[in-house]
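*Asks:* Sequence:
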Amino acid sequence: MPTPKIGTQESRVAAVEFRAVEDNSNQIELSFSSEYAVQRFYGNEILLHEPGAVSFDRLMTVGTVLFTHGKDPGYGKMPVAKIIRAWLDVEQRKGRSVIEFDDDEDSQKVKDKMLGGSIRGVSFGYSVDSWEEVAAGKTSSNGRFTGPAYVALRWEPIEISIEPVPADPTVGLGRSAEASEGTPEAAVTAERLRVSDITGICREFEIDPT
1 MPTPKIGTQE SRVAAVEFRA VEDNSNQIEL SFSSEYAVQR FYGNEILLHE PGAVSFDRLM
61 TVGTVLFTHG KDPGYGKMPV AKIIRAWLDV EQRKGRSVIE FDDDEDSQKV KDKMLGGSIR
121 GVSFGYSVDS WEEVAAGKTS SNGRFTGPAY VALRWEPIEI SIEPVPADPT VGLGRSAEAS
181 EGTPEAAVTA ERLRVSDITG ICREFEIDPT
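Going by our numbering, the letters in the sequence shown line up with residues 1 to 210, in that order.
Some hints could be false.
[As the list claims (entries may be wrong)] List time: in silico DSS-like cross-link candidates among lysine-lysine, alpha-carbon distance up to 27 Å:
| id | residue 1 | residue 2 |
| --- | --- | --- |
| 1 | LYS71 | LYS82 |
| 2 | LYS113 | LYS77 |
| 3 | LYS113 | LYS71 |
| 4 | LYS109 | LYS77 |
| 5 | LYS71 | LYS109 |
| 6 | LYS82 | LYS113 |
| 7 | LYS71 | LYS5 |
| 8 | LYS109 | LYS82 |
| 9 | LYS77 | LYS5 |
| 10 | LYS138 | LYS5 |
[As the list claims (entries may be wrong)] If you anchor each label on the Cβ, the simulated ranges turn out as follows:
| id | residue 1 | residue 2 | range |
| --- | --- | --- | --- |
| 11 | GLU29 | ASP129 | 24 to 30 Å |
| 12 | PRO73 | ALA136 | 42 to 48 Å |
| 13 | GLU133 | GLU22 | 40 to 46 Å |
| 14 | GLU105 | ASP57 | 31 to 37 Å |
None of these hints come from the bench; they were simulated from the model.
Quick reminder that beta carbons are idealized off the backbone N, C-alpha and C, glycines included.
Take the sequences, apply the hints, and build the full model.
*Replies:* Spelled out as structure tokens, the structure:
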């Protein structure tokens, strides 16, 4: 049975939840991670959002903000913003950050499209240092997750990337605490987006997606 590896860099895409920071027109506070389960080749992957589970040290020291992880030919690997602060929202179980966009035209264009609602996604690269395997029908050690699943007990975000397409229904733009997160409709939408991404990759490498 395939298992997740330690230290391998992965990435996730989510719907961006953000707000402009007062007194600084270039700064935005956003959420970039949650405990939404992502299907990997080895099964469901859950990133634990509890004190001690997430390290933001690497993100704060060498992390940066890119556009589409540097895959857009117009932007490349050039950062569009820097990370001012990153922290764990224990109550909402989300990773949050304050980023500050650069003053150049390309970076400002990304910021303006976010504020205008044209760009609604955020992605982040991360690596995992410790896993807990939860067998089918069993419960995780903290009593919060039901298997089959792999729970990342210790992990760290590496970079944040602004993405045109959101995929995580638990962190939607303008979603309130009373909103029905993780509903079947949201899950179906997320799955359609995931399949669309996979199909696009297959076509890029001339692989039959069926």
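*Asks:* Next, verify each hint and record whether it holds.
*Replies:* The hints, checked one at a time:
Taking the CA atoms of LYS71 and LYS82, the gap is near 18 Å; set against the 27 Å cutoff, the hint holds. This hinted pair checks out: LYS113 and LYS77 have alpha carbons roughly 19 Å apart, not beyond 27 Å. Taking the CA atoms of LYS113 and LYS71, the gap is about 18 Å. The hint holds against a cut of 27 Å. In summary, the hint linking LYS109 to LYS77 is supported, as the alpha carbons are separated by about 16 Å, within the 27 Å threshold.
Restraint check for LYS71 and LYS109: satisfied, since their Cα atoms lie roughly 17 Å apart, inside the 27 Å limit. Between LYS82 and LYS113 the alpha-carbon distance is near 17 Å, which keeps this suggested pair within the 27 Å criterion. Only pairs whose Cα atoms come within 27 Å are accepted, and LYS71 paired with LYS5 is accepted, the gap being roughly 25 Å. Distance check on the hinted pair: LYS109 and LYS82 sit about 15 Å apart at the alpha-carbon level, within 27 Å; holds.
Under the criterion of a C-alpha separation no larger than 27 Å, the hint pairing LYS77 with LYS5 is consistent with the structure, at around 26 Å. A distance of roughly 22 Å separates the Cα atoms of LYS138 and LYS5; the hinted pair therefore holds under the 27 Å criterion. Checked against the hint of 24 to 30 Å, the pair GLU29 and ASP129 passes, with Cβ atoms roughly 27 Å apart. The hinted window of 42 to 48 Å between PRO73 and ALA136 holds, with their beta carbons roughly 44 Å apart.
About 45 Å separates the C-beta atoms of GLU133 and GLU22, a value consistent with the hinted range of 40 to 46 Å. Range check, GLU105 to ASP57: Cβ separation about 32 Å, and the 31 to 37 Å hint holds.
Checked against the numbered hints given earlier, the structure satisfies every one of them.
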